[in-house]
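Colleague: Those sequence lines, one after another, are chains A and B.
Here full-length UniProt numbering is used: the first residue of the first sequence is 1, the next is one more, and so on.
Here full-length UniProt numbering is used: the first residue of the second sequence is 1, the next is one more, and so on.
It should be emphasised that the hints constitute simulated quantities derived from the structure, not laboratory data.
A hint or two may mislead.
Pairs count within a copy or across copies, as identical chains cannot be separated in the list.
What the hints assert, rightly or not - Only pairs whose alpha carbons sit at most 30 angstroms apart, straight line, appear in this in silico DSSO-like list of lysine-lysine:
hint : residue 1 : residue 2
1    : Lys331    : Lys222
2    : Lys257    : Lys319
3    : Lys257    : Lys80
4    : Lys376    : Lys335
Number of protein chains: 2
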Amino acid sequence: MPQYKAPLRDMQFVLHELLMLEHITRNSCISRHCKRELVDQYLEAAADFCENELSPLNQVGDREGCTWNDGVVTTPTGFKEAYQKYIELGFPSLSADEEFGGQALPNSLGISISEMVGTANWSWGMYPGLSHGAVRTLEHHGSDEQKNTYLPNLVSGVWTGTMCLTESHAGSDLGIIRSKAEPNADGSYAISGEKIFISAGEHDMAENIIHIVLARLPGAPKGTKGISLFIVPNSTSMLMVQLASVMQYVVVQFEHKMGIHGNATCVINFDQAKGYLIGPENRGLNCMFTFMNTARIGTAVQGLSASESSFQGALAYAKDRLAMRSLSGPKAPEKEADPIIVHPAVRNMLLTQKSFAEGGRALVYLLAQYADIVEKGETEEERKFADNILSLLTPIAKAFLTETGSESAKHGVQVFGGHGFISEHGMEQIVRDTRIACLYEGTTEIQALDLLGRKVLQTQGAMLKDFTKIIHKFVEANKDNAAMQEFIAPLAAANKEWGDITMQIGMRAMQNPDEVGAAAVDYLYFSGYVTLAYLWARMALVAQEKLAEGSTEVDFYNAKVTTARFYFKKILPRVRSHVDVLSTGVAPLFELDAEHFAF
Amino acid sequence: MPQYKAPLRDMQFVLHELLMLEHITRNSCISRHCKRELVDQYLEAAADFCENELSPLNQVGDREGCTWNDGVVTTPTGFKEAYQKYIELGFPSLSADEEFGGQALPNSLGISISEMVGTANWSWGMYPGLSHGAVRTLEHHGSDEQKNTYLPNLVSGVWTGTMCLTESHAGSDLGIIRSKAEPNADGSYAISGEKIFISAGEHDMAENIIHIVLARLPGAPKGTKGISLFIVPNSTSMLMVQLASVMQYVVVQFEHKMGIHGNATCVINFDQAKGYLIGPENRGLNCMFTFMNTARIGTAVQGLSASESSFQGALAYAKDRLAMRSLSGPKAPEKEADPIIVHPAVRNMLLTQKSFAEGGRALVYLLAQYADIVEKGETEEERKFADNILSLLTPIAKAFLTETGSESAKHGVQVFGGHGFISEHGMEQIVRDTRIACLYEGTTEIQALDLLGRKVLQTQGAMLKDFTKIIHKFVEANKDNAAMQEFIAPLAAANKEWGDITMQIGMRAMQNPDEVGAAAVDYLYFSGYVTLAYLWARMALVAQEKLAEGSTEVDFYNAKVTTARFYFKKILPRVRSHVDVLSTGVAPLFELDAEHFAF
């Protein structure tokens with residue numbers, strides 16, 4: 001496995017030159033102390049930690065996995081020690097409120113550190129990663145007492161958090177969960193039920209684990225409107241014993257998984273476990289959405305991470321591995337064959353990974369910036385607008401970046417040929433680890449319905465228009481810039497088409513609501529490709545401006561422009577087939593009765 | 001893991017109704033005794049064996065893997081016993097020459113049995129599977145003495161064969177292999193060198209293993225024209241001791257792989273091992289092509305198998321699993337939610353798998369039929385024509401069916417949601433097992449170059465024209481059939497476009513040979529989608545005719561027509577993007593210097 005190297009220059013390009021982090025944070029009330037120097041210091045410290053502490057543990061985690069012995073979970077060699085170091089370096093508290101010990105730095109910085117952690121070692125990163133969502137949920141929905149009890153230790157990282165939603169019969173459809181919460185005399189609740197797929201559900205890295213659990217109160221309405229949210233703290237911490245004296249839950253088993261072996265995915269059986277209601281009764285799913293949205297952006301990071309790590313691995317191999325001669329004549333005549341980077345198919349795979357990694361980085365950081373504005377923007381209007389854009393782009397980023405991350409991981413294996421299938425090279429691990437990203441936190445198909453159904457059609461296109469107007473403004477501002485025409489013309493066409501196909505689907509859906517489900521996945525891919533095209537055009541513009549200003553980093557900026565060109569020529573045309581397919585509508589999917597799929 | 005169920009009805013449809021096996025074999029001199037009743041008997045016997053013996057061992061093989069102890073390899077529990085049964089049932093000798101104990105049944109029957117074996121348990125199937133290639137190589141290139149020595153036991157299955165090509169530095173590029181063969185005084189050769197990725201390289205299932213090895217003679221020309229082919233028999237068989245008295249080779253290690261854990265993938269170190277030249281000196285690669293072409297069709301079967309097994313698993317789950325209500329209103333109001341097969345996105349994935357499995361079956365069996373005609377067709381002209389079509393379609397089938405097999409496997413996991421990531425359900429194993437199919441026997445990119453470079457452009461399009469003429473004839477014959485218009489019109493357009501883009505690429509390649517490499521993968525996908533469209537149109541025609549004749553199997557034939565319709569509406573439009581992408585040519589791939597891919 002190639003050693004992870006944090007792409008600091010590219011991260012700085014996105015944060016400082018594309019998104020102008022310092023400028024944005026100065027103009028709203030987000031972290032006024034967030035100067036470029038400070039950001040760069042944090043990035044460098046995190047890069048050092050990820051490259052030297054986490055990356056070497058990535059294959060160890062895959063090989064060893066977690067061990068489970070009668071409910072006691074031991075994480076792979078080195079995981080615990082790395083976590084202690086992570087706490088000492090102050091990373092857990094980065095973007096949390098100052099009131100509870102946080103550093104109140106912007107999400108835009110936090111996400112870039114999450115990217116490095118996740119790319120170096122995704123399984124490890126999930127332990128602290130899930131705590132972010134628990135912190136957010138408590139910040140937004142916890143009572144003052146709950147905040148005071150749980151936040152300081154969650155923020156510092158001494159405790160970690162989980163998210164207990166799924167039951168074996170209920171995943172995408174949380175409306176049918178069966179876990180119960182019965183009121184105790186002391187105002188707490190007795191939680192009973194079996195939860196599965198609990199990432200970081202039990203481990204030896206933290207003093208205490210705080211479970212955020214969905215369950216039903218007695219007599220609660222059926223479906224999603226009868227679900228409440230509870231905190232169930234683990235009992236292993238001395239501090240918690242008073243709160244959790246009658247708490248009972250058991251980690252009953254581990255799941256045997258395709259990947260993320262270093263993370264403990266648990267089945268937890270709650271049996272009259274003591275829990276505390278968060279937020280109003282029966283509104284648990286609404287409170288949980290805070291957690292889920294954070295987790296969805298976090299999962300989008302996993303897709304970006306897969307693109308970045310498989311790109312790094314494949315690039316190093318492609319420069320080194322010799323096979324055959326270039327069709328246009330030997331390029332390394334002194335060697336017995338040419339390095340495979342001379343072959344067009346290899347270059348195509350590398351550039352695809354690169355354009356997804358760098359484009360995905362821009363998208364994820366942009367989302368984090370909107371999240372900052374939602375939380376701390378100066379005006380209500382500014383916050384509302386940012387919230388709309390964030391709501392629209394979250395399912396796109398989650399589904400599109402995880403699917404393209406899987407595609408990049410596939411190319412990583414393919415560039416290595418047969419060696420890609422062999423574990424020691426690390427490329428197949430990326431495929432296995434990142435496969436979960438298209439499933440958890442809502443599958444690609446669920447994200448697609450969220451995008452097209454809830455975000456686009458239910459708002460009569462208003463939310464989409466907020467974003468296509470941003471693209472339109474960018475197009476208008478650059479329509480006379482000759483150097484940008486190769487990007488502006490296709491972007492303008494795709495942006496217009498986005499509105500057209502939305503209208504087309506909306507009309508059809510009035511006749512048959514299943515048209516929405518039939519179109520959603522292709523619509524999501526279309527939206528993803530166009531969103532990345534917009535960001536690649538913006539990146540090309542920044543690069544061209546820097547070159548025009550006489551920057552000495554000519555190679556870096558030229559690479560941005562040529563990668564944008566690659567994206568527009570070789571990737572964006574994929575929208576064509578998605579439009580053609582979705583235009584054929586729902587009928588071809590429903591001609592066959594369920595009983596006649598096989599004979 | 002759902003129990004494998006052989007799709008006998010569909011296999012019979014392809015063999016008897018689409019390809020008219022009995023008719024074809026009666027009209028050429030292939031196995032005149034190959035009556036429909038006999039074929040069906042074999043199919044049923046194989047189905048019984050695969051469903052009841054092999055399928056239950058599939059997860060066992062994945063979980064246990066092979067164990068290696070100082071060169072002694074033990075296969076997973078039950079593998080050895082199943083192989084004994086396989087021999088007793090006479091399956092190994094099915095399509096081999098009668099002279100050496102074979103049954104001389106057509107490849108078309110053999111391939112359908114390979115499909116069942118491979119779908120039930122691919123790792124197991126590789127042990128006997130590799131022997132087929134060794135048999136073919138010896139049949140074509142071995143001396144009479146070699147045939148008499150090796151074929152009887154290989155044909156009966158008492159011995160197995162391997163294929164030792166790859167070295168750690170040389171896979172796609174066999175021209176740079178370093179293994180040496182030095183003449184011994186007795187006419188044999190001393191073979192030295194390390195070979196990797198040797199599937200079934202060592203195991204406990206057969207009495208002897210016959211290695212087919214590529215090596216260089218002293219003073220041989222550099223590159224592919226200096227490679228010779230050798231037989232290196234294992235020494236463990238008493239019978240062989242006289243032949244192999246000074247033979248030395250050691251299995252030095254196992255590869256740790258993403259999948260196919262039940263198959264022993266070995267590194268073999270040949271150290272002055274005694275070998276025997278097959279065929280002329282320095283013509284080894286040509287002889288090996290016989291082996292490789294057989295192996296490529298065999299690998300295409302692996303893709304089809306992945307589509308079939310993931311379809312079977314996903315279909316059963318989609319009918320059973322409940323989640324959410326159909327957007328067009330509850331479909332199972334008596335249950336707490338609808339089965340997920342009501343959701344358009346799930347249906348889309350299932351139909352995609354189904355159209356790849358059934359379309360892939362038609363393609364693979366068609367190839368086997370052409371292989372029968374190449375070997376035993378009555379006239380030289382008939383044999384030559386079949387050889388051309390087979391040469392053209394082999395890289396398409398190998399690459400396209402393995403890539404679509406991987407796609408189907410992905411859908412299988414996705415239909416299961418989070419459960420797809422969990423090993424016990426068996427869906428993730430299919431992803432891991434089938435991933436190798438896009439790599440070995442020539443990667444997708446190598447197949448694409450073989451198709452576009454060697455088969456299409458080097459013959460000035462003649463080989464392609466042979467096939468597009470077949471499609472054209474089919475279009476002409478059905479152009480007045482109103483019920484077929486939905487298929488005929490798009491097929492005719494795609495067939496014409498096939499010629500057009502070939503011409504376009506050919507013109508560009510005259511300016512810059514790298515245009516071939518830049519276009520090849522998209523060209524391959526285009527060719528695959530059109531080839532399957534042709535077969536789906538043919539299958540729809542057969543089904544319509546059966547319905548018109550008043551067949552009582554109305555549901556079966558209707559399902560064929562509606563699946564064909566699905567394919568034309570939802571899958572074939574994918575060609576659009578491939579054409580758009582390849583029309584942008586080579587330039588966007590070569591703007592970036594190798595040194596500027598990352599900073």
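Colleague: Taking the hints in turn, state whether each one holds.
Modeller: Results of checking the hints against the structure:
1. Lys331 / Lys222: between (68 angstroms within a copy, 18 angstroms between copies)
2. Lys257 / Lys319: between (33 angstroms within a copy, 24 angstroms between copies)
3. Lys257 / Lys80: Answer is both; intra-copy 21 angstroms and inter-copy 28 angstroms each pass.
4. Lys376 / Lys335: For Lys376 and Lys335, neither the intra-copy (58 angstroms) nor the inter-copy (45 angstroms) Cα distance is at most 30 angstroms.
Checked against the numbered hints above, the structure violates only hint 4.
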